[in-house]
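J.: All chains should be built: construct the whole structure from the sequences, respecting the hints.
Chains Y and B are the protein sequences, given in the same order. Going by this note's numbering, the first sequence opens with residue 2, and the numbers climb by one from there. Going by this note's numbering, the second sequence opens with residue 4, and the numbers climb by one from there.
These aren't lab readings, by the way, just hints derived from the structure by calculation. Warning: the hint list may mix true and false statements.
Derived DEER-like restraints, expressed as beta-carbon distance ranges [to be verified]:
#1 51/Y to 200/B: 24 to 34 Å
#2 207/B to 105/Y: 28 to 38 Å
#3 541/B to 62/Y: 51 to 61 Å
#4 115/B to 126/Y: 49 to 59 Å
#5 199/B to 49/Y: 35 to 45 Å
#6 340/B to 51/Y: 35 to 45 Å
#7 49/Y to 186/B: 46 to 56 Å
#8 189/B to 51/Y: 14 to 24 Å
#9 51/Y to 207/B: 29 to 39 Å
#10 171/B to 143/Y: 37 to 47 Å
#11 107/Y to 46/B: 53 to 63 Å
#12 49/Y to 345/B: 49 to 59 Å
#13 342/B to 105/Y: 34 to 44 Å
#14 49/Y to 530/B: 51 to 61 Å
Pairs of lysine-lysine residues, derived as DSS-like cross-links and limited to a Cα-Cα distance of at most 27 Å, are as follows [as the list claims (entries may be wrong)]:
#15 390/B to 373/B
#16 180/B to 48/B
#17 98/Y to 180/B
#18 98/Y to 203/B
On a predicted model such as this, the values are computed, not experimentally measured, just so you know. Cβ coordinates follow ideal geometry from the N, Cα and C atoms, glycine included.
What follows is the residue order along each chain.
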Amino acid sequence: MNAPSPAPAPPPSPYSSALGKSNSESHTLSVLVDNEPGVLARVVGLFSGRGYNIESLTVAEVAHGEHVSRITIVTAGPPEAIEQISHQLERIVPVHKVTDLTVTGRAIERELAMVKVRGKGENRADALRLADAFRARVVDATVESFIFELTGSPKKIDEFVELMRPIGLVEFSRTGIAAITRGPEMM
Amino acid sequence: MSKEMSGAAMIVEALKDQGVDTVFGYPGGAVLPIYDAIFQQNFVKHVLVRQEGGAAHAAEGYARSTGKVGVLLVTSGPGATNTVTGLTDALMDSIPLVCITGQVPTHLIGSDAFQECDTVGITRHCTKHNYLVRSVEDLPRILHEAFYVASSGRPGPVVIDVPKDVQFALGKYSQPKNIQHKTYRPRLKPELDKIRQAVKMMAKAKRPVFYTGGGVINSGPVASTLLRELAELTGFPVTSTLMGLGAYPASGKNWLGMLGMHGTYEANNAMHGCDLMIAVGSRFDDRITGRLDAFSPGSKKIHIDIDPSSINKNVKVDLGIVGDCAHALEDMARLWRSEGMQADKLALAAWWKQIDHWREKKSLAYKPSKTTIKPQHAVQRLYELTKGRDTYITTEVGQHQMWAAQYYHFQEPNRWMTSGGLGTMGYGLPAAIGAQMAHPKALVVDIAGDASILMNIQEMSTAKQYRLPVKIFILNNQYMGMVRQWQELLHGGRYAESYTDSLPDFVKLAQAYGAHGIRCSDPADLDRAIQEMIDTPNAVIFDCVVEGQENCFPMIPSGKAHNDMILADLSDDAGIDIGAVIDEKGKALV
Numbered sequence: 002m003n004a005p006s007p008a009p010a011p012p013p014s015p016y017s018s019a020l021g022k023s024n025s026e027s028h029t030l031s032v033l034v035d036n037e038p039g040v041l042a043r044v045v046g047l048f049s050g051r052g053y054n055i056e057s058l059t060v061a062e063v064a065h066g067e068h069v070s071r072i073t074i075v076t077a078g079p080p081e082a083i084e085q086i087s088h089q090l091e092r093i094v095p096v097h098k099v100t101d102l103t104v105t106g107r108a109i110e111r112e113l114a115m116v117k118v119r120g121k122g123e124n125r126a127d128a129l130r131l132a133d134a135f136r137a138r139v140v141d142a143t144v145e146s147f148i149f150e151l152t153g154s155p156k157k158i159d160e161f162v163e164l165m166r167p168i169g170l171v172e173f174s175r176t177g178i179a180a181i182t183r184g185p186e187m188m
Numbered sequence: 004m005s006k007e008m009s010g011a012a013m014i015v016e017a018l019k020d021q022g023v024d025t026v027f028g029y030p031g032g033a034v035l036p037i038y039d040a041i042f043q044q045n046f047v048k049h050v051l052v053r054q055e056g057g058a059a060h061a062a063e064g065y066a067r068s069t070g071k072v073g074v075l076l077v078t079s080g081p082g083a084t085n086t087v088t089g090l091t092d093a094l095m096d097s098i099p100l101v102c103i104t105g106q107v108p109t110h111l112i113g114s115d116a117f118q119e120c121d122t123v124g125i126t127r128h129c130t131k132h133n134y135l136v137r138s139v140e141d142l143p144r145i146l147h148e149a150f151y152v153a154s155s156g157r158p159g160p161v162v163i164d165v166p167k168d169v170q171f172a173l174g175k176y177s178q179p180k181n182i183q184h185k186t187y188r189p190r191l192k193p194e195l196d197k198i199r200q201a202v203k204m205m206a207k208a209k210r211p212v213f214y215t216g217g218g219v220i221n222s223g224p225v226a227s228t229l230l231r232e233l234a235e236l237t238g239f240p241v242t243s244t245l246m247g248l249g250a251y252p253a254s255g256k257n258w259l260g261m262l263g264m265h266g267t268y269e270a271n272n273a274m275h276g277c278d279l280m281i282a283v284g285s286r287f288d289d290r291i292t293g294r295l296d297a298f299s300p301g302s303k304k305i306h307i308d309i310d311p312s313s314i315n316k317n318v319k320v321d322l323g324i325v326g327d328c329a330h331a332l333e334d335m336a337r338l339w340r341s342e343g344m345q346a347d348k349l350a351l352a353a354w355w356k357q358i359d360h361w362r363e364k365k366s367l368a369y370k371p372s373k374t375t376i377k378p379q380h381a382v383q384r385l386y387e388l389t390k391g392r393d394t395y396i397t398t399e400v401g402q403h404q405m406w407a408a409q410y411y412h413f414q415e416p417n418r419w420m421t422s423g424g425l426g427t428m429g430y431g432l433p434a435a436i437g438a439q440m441a442h443p444k445a446l447v448v449d450i451a452g453d454a455s456i457l458m459n460i461q462e463m464s465t466a467k468q469y470r471l472p473v474k475i476f477i478l479n480n481q482y483m484g485m486v487r488q489w490q491e492l493l494h495g496g497r498y499a500e501s502y503t504d505s506l507p508d509f510v511k512l513a514q515a516y517g518a519h520g521i522r523c524s525d526p527a528d529l530d531r532a533i534q535e536m537i538d539t540p541n542a543v544i545f546d547c548v549v550e551g552q553e554n555c556f557p558m559i560p561s562g563k564a565h566n567d568m569i570l571a572d573l574s575d576d577a578g579i580d581i582g583a584v585i586d587e588k589g590k591a592l593v
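T.: Next up, the structure:
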């Protein structure tokens with residue numbers, strides 16, 4: 002048997018599948034939907050059914066009269082997957098509008114967290130000092146614990162939580178990201 | 004004017020107002036009020052199937068052969084779950100359906116009541132949209148909206164789940180006015196600038212090809228006319244997906260045959276070698292593209308689709324145009340004329356010469372036999388003996404489906420009903436029933452396999468009840484032929500569970516259902532037997548005993564590119580070792 006001749010180098014491919022190695026990016030999508038039964042299941046089901054990631058998801062009705070809800074989803078993937086996610090979301094019948102706030106580029110993203118810390122003596126003083134530096138408010142206090150309420154970027158909340166850990170972090174609850182574009186325009 | 008009536012009466016009224024003359028269904032406890040309303044009128048005809056899955060495929064056959072919305076009516080629980088395969092099939096192939104399901108009364112929802120299931124939950128992923136009707140006030144709007152959603156934009160199935168108390172409740176019915184959905188407004192007219200750009204690219208092209216799909220059929224007969232016109236104007240070659248057959252006539256001079264896994268050598272090589280691909284209403288499915296990173300490497304690509312998510316989904320294109328095929332083709336033809344565009348005639352002549360060279364391979368040739376009926380030959384003879392007639396063809400799924408696509412030559416749209424995306428065995432017989440209901444005088448033939456036909460054979464009883472003269476043409480090789488072929492290619496010829504022992508006697512089976520049975524195993528007798536089938540005024544099961552281990556060629560093996568096809572070996576009796584052609588990566592693909 003002759004040795005097989007070396008395969009010619011494949012031409013550089015312009016196709017999505019070959020771009021699978023490309024960098025994964027995190028994007029924040031704002032989705033306006035009719036607040037009807039099952040609409041959240043449709044959105045979440047789309048992500049699980051097509052194998053997309055959800056890193057954060059928040060939802061609340063924003064126009065009570067018209068029953069319109071705003072869903073903010075943070076997802077990650079290569080740019081072509083993100084574009085596909087937007088289009089797939091637009092296909093859902095009760096979806097009004099999908100905006101990729103990461104592409105529009107001028108969005109403010111905030112999250113709220115409540116952080117429960119337990120400790121005595123010096124630890125209490127440390128916790129209060131750090132909370133002050135992070136502009137966190139005390140919303141509950143006992144002789145051996147505090148609950149801090151804090152808003153900010155997810156990174157700021159991560160940092161605060163990490164600082165509280167050695168002091169006596171018990172648990173924390175965070176809302177997920179809400180986001181809005183800067184300037185006078187609507188999404 | 005709005006009239007007061009029960010929810011059940013509203014459903015029948017809405018069907019009338021939507022122009023629905025035929026409903027496929029099966030009664031049960033949770034839909035009895037609707038059946039009672041149907042009983043008391045004569046406009047909407049109900050066709051009683053023998054299993055709800057049959058109703059879904061029958062509605063698909065009806066829809067695909069008429070361009071109208073197919074309607075089915077089933078009860079709660081198992082009635083609804085039995086439709087799931089058909090709904091998924093319709094979603095994959097973009098077939099407009101409205102499926103009305105009964106549901107337990109509102110106050111019992113969530114209590115695990117008898118024949119309760121979460122129908123909207125279960126069908127959320129296999130419908131374009133679905134509704135649970137919680138109040139009779141919402142019912143008229145939802146009914147009309149469902150027809151709008153099912154039939155506009157990229158068509159698809161819509162489920163309306165109606166609890167039994169809502170069917171009894173009285174409310175005001177309103178007729179459909181100009182339905183303007185709150186959020187759903189698909190774009191029909193493409194951007195003219197992009198069409199202009201496309202036309203410029205077409206005029207510059209040296210090796211162009213039209214790659215058309217089911218979207219051209221869904222867009223209506225006018226889209227097919229416009230496609231023919233544009234192909235004539237430009238002189239470009241045309242190939243089509245399985246779902247798009249008939250949009251461009253198989254007798255047309257620009258026709259290359261079907262492309263894809265079992266497409267012709269010339270079609271696939273034209274796709275591979277083109278410098279401009281114009282995709283119209285097709286979606287770059289994996290059966291079409293083969294190995295993605297080697298798919299048509301040297302071409303610019305234009306993609307026209309009504310669904311923006313189809314564009315750049317599998318293959319990145321250079322120019323995506325969102326819009327309805329008919330609108331886009333009309334604009335293209337108009338601009339081509341008004342801007343005095345000319346195709347590069349010299350380059351095109353060379354391109355056609357290359358295509359003719361590929362055609363010389365005769366990729367659809369097969370070894371003829373005087374002793375056994377070759378399945379390809381059977382479909383060829385069926386075509387020759389039926390081509391002058393008003394004929395509709397449905398299929399099941401497998402080798403026979405591919406042979407039907409390769410050897411039955413479609414000249415018109417809406418004549419070909421097959422399960423493309425989902426690949427549902429058991430589709431063909433109920434789909435034939437649906438098509439025959441819509442076209443009572445036409446010749447409707449289900450080209451079937453011996454395994455597939457048994458998946459919904461109970462629908463023979465439906466054919467009998469409504470005296471539907473459907474012809475079931477079984478290419479009987481006693482195997483699940485495509486499974487066997489893949490086992491030959493990929494698993495060393497170990498035919499695990501793909502041989503069908505104990506097939507029924509199809510002639511006697513036909514007789515049991517009051518139909519006519521024909522068996523033929525002699526090539527010399529084939530024409531006479533097919534003629535007998537055509538001339539029989541009632542339903543026929545034709546047991547066409549064919550070569551058992553025939554493979555379906557040509558074929559792009561899994562994980563290979565368009566220019567890496569394998570063709571039937573016509574010289575050597577031992578055949579070719581196709582198993583060696585597919586590498587480990589390809590074996591993992593489907």
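J.: For each hint, tell me whether it holds in the structure or not.
T.: Comparing the hints with the structure gives:
1. Between residue 51/Y and residue 200/B the beta carbon distance is about 30 Å. The supplied range of 24 to 34 Å therefore holds.
2. Judged by the Cβ atoms, the range 28 to 38 Å given for residue 207/B and residue 105/Y holds: they are separated by roughly 35 Å.
3. Under the hint 51 to 61 Å, the C-beta atoms of residue 541/B and residue 62/Y, about 60 Å apart, fit the expected range.
4. Range check, residue 115/B to residue 126/Y: about 56 Å between beta-carbon atoms, so the 49 to 59 Å window is met.
5. A C-beta distance of roughly 41 Å is found between residue 199/B and residue 49/Y, which places it inside the suggested range of 35 to 45 Å.
6. In this structure the hint that residue 340/B and residue 51/Y lie 35 to 45 Å apart at CB holds, the actual value being about 42 Å.
7. A beta carbon spacing of about 22 Å between residue 49/Y and residue 186/B contradicts the range 46 to 56 Å that was offered as a hint.
8. Restraint check, residue 189/B to residue 51/Y: a C-beta distance of roughly 20 Å satisfies the suggested window 14 to 24 Å.
9. Checking the proposed 29 to 39 Å range against residue 51/Y and residue 207/B shows it holds: the Cβ atoms sit about 37 Å from each other.
10. Between residue 171/B and residue 143/Y, the C-beta spacing of about 57 Å breaks the proposed range 37 to 47 Å.
11. At roughly 57 Å, the beta-carbon separation of residue 107/Y and residue 46/B lies within the given 53 to 63 Å, and the hint holds.
12. Taking the beta carbon of each, residue 49/Y and residue 345/B are about 51 Å apart, inside 49 to 59 Å as hinted.
13. For the hinted restraint 34 to 44 Å between residue 342/B and residue 105/Y, the CB-CB distance of approximately 36 Å keeps it satisfied.
14. Our hint of 51 to 61 Å for residue 49/Y and residue 530/B holds, since their Cβ atoms are close to 54 Å apart.
15. Of the pairs offered as hints, the one joining residue 390/B and residue 373/B holds, with about 24 Å between alpha carbons and a cut-off of 27 Å not exceeded.
16. Restraint check: the Cα-Cα separation between residue 180/B and residue 48/B comes to about 24 Å, which is no more than 27 Å; the hinted pair holds.
17. With a CA separation close to 25 Å, the supplied pair residue 98/Y and residue 180/B stays within the 27 Å bound.
18. For the given pair, residue 98/Y sits about 33 Å from residue 203/B by alpha-carbon distance, which is inconsistent with the 27 Å threshold.
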